Amino acid sequence: MSWLTNFVRPKLRALGIKPDVPDNLWIKCPNCEQMLFHRELAANLHVCHYCDHHLRLPAADRLAMLFDEGAFQTIELPETIADPLRFRDRRRYSERLRDARHGDDRRDAVLVGHGTMGGHPAVVAAFDFGFMGGSMGVAAGESLLAAANLAVLQDAPLIVVPASGGARMQEGILSLMQMPRTVIGVQQVREAGLPYIVVLADPTTGGVTASFAMLGDIALAEPGAIVGFAGTRVIQETIREKLPAGFQRAEYLHDHGMVDMVVHRRALRDRLISLIGLLRHPRPKAEVVSLERRGEGAGKTSDKAPQEKVGAAPGPADPKGSPAKGA
Amino acid sequence: MRTFLDFEKPVAELEGKIEELRHLSDGGDINIAEEVGRLQTKVDRLLRQTYAKLSPWQKVQVARHADRPHVQQIVSTLIEDFVPLSGDRLYGEDAAVVGGIGRFRGYSVVVVGQEKGSDTEGRVRHNFGMAHPEGYRKARRLMALADQFGLPLLTFVDTPGAYPGIGAEERGQAEAIARCIDASLQLRVPVICSIIGEGGSGGAIAVATGDRILMMEHAIYSVISPEGCASILWRSAERATEAADALRLTAEDLAKLGVIDGIVPEPLGGAHREPAAAIAGLGDAVEAALHEVRSLDGSVLRARRREKFLAMGKTGLS
Chain A
0 MSWLTNFVRP KLRALGIKPD VPDNLWIKCP NCEQMLFHRE LAANLHVCHY
50 CDHHLRLPAA DRLAMLFDEG AFQTIELPET IADPLRFRDR RRYSERLRDA
100 RHGDDRRDAV LVGHGTMGGH PAVVAAFDFG FMGGSMGVAA GESLLAAANL
150 AVLQDAPLIV VPASGGARMQ EGILSLMQMP RTVIGVQQVR EAGLPYIVVL
200 ADPTTGGVTA SFAMLGDIAL AEPGAIVGFA GTRVIQETIR EKLPAGFQRA
250 EYLHDHGMVD MVVHRRALRD RLISLIGLLR HPRPKAEVVS LERRGEGAGK
300 TSDKAPQEKV GAAPGPADPK GSPAKGA
Chain B
0 MRTFLDFEKP VAELEGKIEE LRHLSDGGDI NIAEEVGRLQ TKVDRLLRQT
50 YAKLSPWQKV QVARHADRPH VQQIVSTLIE DFVPLSGDRL YGEDAAVVGG
100 IGRFRGYSVV VVGQEKGSDT EGRVRHNFGM AHPEGYRKAR RLMALADQFG
150 LPLLTFVDTP GAYPGIGAEE RGQAEAIARC IDASLQLRVP VICSIIGEGG
200 SGGAIAVATG DRILMMEHAI YSVISPEGCA SILWRSAERA TEAADALRLT
250 AEDLAKLGVI DGIVPEPLGG AHREPAAAIA GLGDAVEAAL HEVRSLDGSV
300 LRARRREKFL AMGKTGLS
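Sequence order for the protein chains is A and B.
Numbering (numbering that gives the first Met the number 0) for the first sequence: 0 to 326.
Numbering (numbering that gives the first Met the number 0) for the second sequence: 0 to 317.
Keep in mind that the hints are not guaranteed to be accurate.
[Said to hold, decoys possible] Per label pair, the in silico range of CB-to-CB distance:
no. : chain 1 : residue 1 : chain 2 : residue 2 : range
1   : B       : 6         : A       : 104       : 45 to 51 Å
2   : B       : 88        : A       : 101       : 50 to 56 Å
3   : A       : 67        : B       : 122       : 55 to 61 Å
4   : B       : 310       : A       : 31        : 47 to 53 Å
By construction, these hints were calculated from the structure, which means they are not laboratory data.
Quick caveat, the model's predicted, so the values are computed rather than measured.
Just so you know, even glycine gets a beta-carbon here, dropped at the ideal spot from N, CA and C.
Start from the sequences and build out the full structure, keeping to the hints where you can.
Here it is, written out as structure tokens:
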């Protein structure tokens, strides 16, 4: 409009001078509309300190909050065909994809990392809702399959945190095929005897919910997360009735028996660690031997017996690394 | 009373004329018979021309045609001694999914199909082919039955999609579909899936993960309905024609993408013009597909089925 915006700013931009101040220092809570300072928000795991609303978490932050000391390694995700249908709506899909990838190193909506959680090795695949609505196309499907493979290779549990509007329309039928494909990934983890835990984050809908996301051995959900198959608008247009309060929210799903528990983000990591520990190390760290049996053993192989008992413990996979004493 | 689609108007006019002439003739008037024959040739030519180059949107209309053969017709024609089975043993019976045991060309099989209904009453009873969780859980139950008795599973897909409703969500629509996919990928018996009309998104894939996936020539199979896609990406359901183009939902495109294994040709002018011939053709195609996989060991079948799906998405359309 003014001389400043029309002339000076483009010139400055052409000189490559970037403004020092990022414009998103303050974020408005979508629930209570309080302004939240970005650093405080990040320190609070993107949970509003006024109303406890769980804001959407970028995939990298999700991985950082789950792994020990926030340390993890991401894996290089398989190269997949971009724009398989040469899809075009009002814009070309290839352009939309390029825009989504622009300015950061995300290739697509899923990030896969591995590291330890409470000392247990673990693989985590997290969705980025910020990347085209977390929609699942070929790349996301391949990423989940890669995560499943990695879990099997590392003999580690797989934790998936979906946050997705569903299938990526621009990849048409190939997006739909990611439903059976990701289910195959789940089956591979299951067959390896490894836990598969899903943390339903806001929002999890459509083809993502109707495939791998609802197949967790254990299903956790974040407070207030929308989890469902059909979108609320579609349901409303179909039935022409008012939807019940809290419909498709995590708590509502819990009440209807669809998830095991709703877990606050601050408690999530500890909850996952205890679940992994229980599922992966079902036996005591060392066998608890009754006094009678101890007596029997002592009679025969007096000095070897205690060592054997300790040896029966889970051993190297012991997460705390603390050898059991005096069992 | 035949239903004509918009683009079939010229055919409708010609057939109207033929009908009139037939009324006029009554006796054995040779001139009229000649004229009728001439017009019939014209109708055939017109149909051939129109149906050889149907646009994706026209295919959508054909796939949804009310006179198109539905599952119940297919079952009553192709399956002998059919015994319908009901219920998911958990909550209810869902008539959108038809299933049972019967004999297909000599062999016992389990059948699971989605039924849209053929008249108003039927459509209401079958909920327009939109299943609730009970329907998918019933399908899963029948899959387990097939596995237990080593019977091949034949599925017939024809649904606008899973039903979007409050009860459906509360009872775990997504979970029901996911478990159905999970179960069908685990089966150690041959699974032949046929997309006979509308393959609508998650509601379709729930019963479409087989060893062979066949598709009728004018059927459609898509991640979202063209109307749904248009209202999201174009922000207007009016643009469904364009969305139908972009989505690549025709049998021809899906074969190129490696998503389906075979296209079942339809009679001239579409399956709705000659349902009996269409069903017979489908029966032959299913039998041939079954023959290809019948002798395979259960674990080989399951492994190959997985490989088949894992291989999808490597190539795109040029």
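Verification of the hints:
no. : hint                     : in the structure
1   : B:6 - A:104: 45 to 51 Å  : 49 Å, holds
2   : B:88 - A:101: 50 to 56 Å : 52 Å, holds
3   : A:67 - B:122: 55 to 61 Å : 57 Å, holds
4   : B:310 - A:31: 47 to 53 Å : 49 Å, holds
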